[in-house]
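Student: These protein sequence lines are chains A and B, in that order. For what it's worth, the working numbering labels the leading residue of the first sequence as 317, then goes sequentially. For what it's worth, the working numbering labels the leading residue of the second sequence as 317, then goes sequentially.
Bear in mind the hints are in silico, worked out from the structure with no lab data behind them. Keep in mind the model is a prediction, meaning the values are calculated, not measured. Be aware that a few hints might be false.
In silico SDA-like pairs for lysine to any residue, Cα to Cα no more than 25 Å straight-line [to be verified]:
#, chain 1, residue 1, chain 2, residue 2
1, B, LYS496, A, ASN474
2, A, LYS496, B, LYS560
3, B, LYS560, B, PRO600
4, A, LYS507, A, ASP610
5, B, LYS496, B, ALA429
6, A, LYS496, A, GLN409
2 protein chains.
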Amino acid sequence: MPEVAGAGAVRILLTGGTGYIGRHVAEACLDCGWEVHLLTRPASILPPALDGRVGRHDHQPTFESLNAVLRAVRPECVAHLASAPAGARDPEQVQQTIETNVTLPTLLLEAMAANGIGRFVNTGTFWQHYRGEAFCPVDLYAAAKQAFQDVVRHYAVNRGLVAITLKLFDTYGPDDPRRKIVTLLVDAARKGGDLGMSGGEQILDLTHVADVGRAFVQAIALALAAPGGHEASYFVSGERMSLKELARIVTAAVGQHFAPRFGALAYREREIMVPIDPGTDRLPGWAPKHRVGDMIATLLPGGPAVA
Amino acid sequence: MPEVAGAGAVRILLTGGTGYIGRHVAEACLDCGWEVHLLTRPASILPPALDGRVGRHDHQPTFESLNAVLRAVRPECVAHLASAPAGARDPEQVQQTIETNVTLPTLLLEAMAANGIGRFVNTGTFWQHYRGEAFCPVDLYAAAKQAFQDVVRHYAVNRGLVAITLKLFDTYGPDDPRRKIVTLLVDAARKGGDLGMSGGEQILDLTHVADVGRAFVQAIALALAAPGGHEASYFVSGERMSLKELARIVTAAVGQHFAPRFGALAYREREIMVPIDPGTDRLPGWAPKHRVGDMIATLLPGGPAVA
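When you get a sec, could you build the whole thing from the sequences and use the hints?
Tutor: Here is the structure:
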């Protein structure tokens, strides 16, 4: 746990805290002894694991509503994990993608400025870096994430905001409702039989959700310690392996007869074959603790809990 | 006038066509023999100079509404000049700044994609480049302009859009309601007397609105000729001089007793002292025709018309 002066009094406000990653970030903050508040939509359901341990603050997507929450909570730092889902292709979803990923967090930054709250941790994605480029979006979701970082720059340069953006790669963990690749493979291996897949040569960058929680704690600690106007962006990069190698690890751990048929399906359009190299832009003071090979058992029903 | 194959049939849809610059862009397009349509808000007033010469299409800020207009008009190219005003500081204006400068044009691009319309000219500002940096916004307006360019990148990379962004510096012209620096100085010089001003050492980059109209015509011609997925950003850079030098030119042209008191006022917060150097990013095939010194007479009541 990073050392923060007067850690017992640190008050954090999270957006997206009822989502899968957000819930683990909330738990990691609680593990630090921090006071955790969630900025929630009225329709969101509080995860049972957080019940009674966090403050809940419903809001409407307006400046006035966000301003009222911030004035009441007065957090030392806001961590923004809410986002509209990636991969939306329907024209009707375009407005929601921009409003959730750009308009709402901009109103949040303005309300923070109005209340003198100057520490912000933001969430980005490796999908902003198709073909490893400085900026090349995989889809509109990734473009919206980049667009909001431009707004963050304004508040950093002109309003003194401290802002740290964490760019996530693929994540996994127990009871993951998101139907992501590790969960899909574990479920398929438990059932046995065969499964048609793409070529399997794409490289994945995998981080366990508990390590993601610790990454946000570290970013919040860095934001609390930074001078006004400081802005940085870091990759939260875990373990890299091909999809084929991941399938081999899962099959070995689950121990069932399971035969992925690689090449049965085409690669996705704009499949990322090699995620961007984080280079020197890794989150300082953080390294993943969990390796996929060790964690598969914890993803099975009745498996051991994560240490 | 740039040569465009089958120029008589070219159909252009403009946003912001009822504004000061948009109106001059519409006139420049009409001068090319192009068919001009304006995408308008119901409350907008059509400039008398365009009455009967352009199609008017009121819209709501939704995908469905924009989709209906594009399906009906089927323009070869859309030029986007609508924007929320720069310099807004009120928290209540933040939502409008994002919705007008990011959400609405994103819905427009999605509606273009849905209708197979793949040529787009966008409007940016030198305020995206405070201190001459690759991106450093003067204010939220400039950040929103940059944010929308990230969205444009998505449609160029992933949907085959041809997109050219023109970044404007300061502009001026006759009957300008925008209270910009050239107009303010001409009005002050006509009244005579003295006027408290800032130090006057800031460098201005001034382009006459008729030259801006020709710049958009050139950008539309380039967009019509470019292969799918082409994306570019160009500066529309005119004549550079200090505010002191501009005041001297205006005073000489108006011929009244007028004494600007330089240094009486502080520079603005985040005043741009030297606009970004366009370097090699000037709009190809375009150069300004009008010089400020020659144009002052046309800005006076009853002055000659612009050739």
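Student: Determine for every hint whether it applies to the structure shown.
Tutor: Hints, one by one, checked against the model:
no.: 1; hint: B:LYS496 - A:ASN474; result: holds, 23 Å
no.: 2; hint: A:LYS496 - B:LYS560; result: violated, 62 Å
no.: 3; hint: B:LYS560 - B:PRO600; result: violated, 30 Å
no.: 4; hint: A:LYS507 - A:ASP610; result: holds, 20 Å
no.: 5; hint: B:LYS496 - B:ALA429; result: violated, 36 Å
no.: 6; hint: A:LYS496 - A:GLN409; result: holds, 21 Å
Of the numbered hints listed earlier, those contradicted by the structure are 2, 3 and 5.
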